[in-house]
Amino acid sequence: MEEYELNATVKPDSALMRYNFIVAHVINNTTSRSHNYLTLNKGSLDGVKPEMGVVDQNGVVGKVDVVGAHSSRVISLLNDYFKLSCKVKNTAHIGSLSWDGKDSKYALLLELPRHSVFNRGDTIVTSGYSTAFPEGVPVGLVEEGLPDYDENFLTVKVRLLPDFSKLSMVRLVVDNLADEIKSVEIGNDKTQK
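Quick note, the sequence shown lines up with residues 9 to 201 if you use the numbering used here.
FYI, nobody ran anything at the bench for these hints, they're computed from the structure. Glycine included, every Cβ here is placed at the ideal spot set by N, Cα and C. Some clues are possibly wrong.
Beta-carbon label-pair distances, calculated as ranges [unchecked claim]:
(1) 88 - 31: 26 to 34 angstroms
(2) 193 - 108: 16 to 24 angstroms
(3) 31 - 188: 20 to 28 angstroms
Please model the complete structure; the sequences and the hints are all you need to start from.
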């Protein structure tokens, strides 16, 4: 019987090498307006770019929208313009998380398919359907299902994990494949016209 020697080179998994983080301090923060923002002490000279996700030790905080050389502005999760693709952890049912402008401790998960199964206390996480956040970043906990009038979708009240009134140190998510993914997606748009 002939013997074969496996001499394959193992390459690191690109998914594991996809993300890095930039640590920043919050130097301004609002929580009581309908359009809340944070200001960070890091900017383009530190590698910050628009569309980067921002998290603290508990979960999602927001996304960078304006970048200066030494500072940047983050559109907070507590901003009724901000929408985030999320799901109930360990399911494939995707919805859109949005703040309703009322309480800084809660947001709503909208357009969750009606056949979704969830319980109070289940974790809501990012879906991974963007380059801003990896899949599975905690966002909040299911507080309750809300009555609605749509026969196809559910609305869930979510208790947010970050304490937005005490934000101090955050991390910006650097997706090392963001430019490639955007380039591929633009290419797909051109071929479909």
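Quick rundown of the hints versus the structure:
Between residue 88 and residue 31, the C-beta spacing of about 28 angstroms keeps the proposed range 26 to 34 angstroms intact. Roughly 30 angstroms separates the CB atoms of residue 193 and residue 108, a value that falls outside the hinted 16 to 24 angstroms. Residue 31 and residue 188 have their C-beta atoms about 25 angstroms apart, which keeps the hinted 20 to 28 angstroms range intact.
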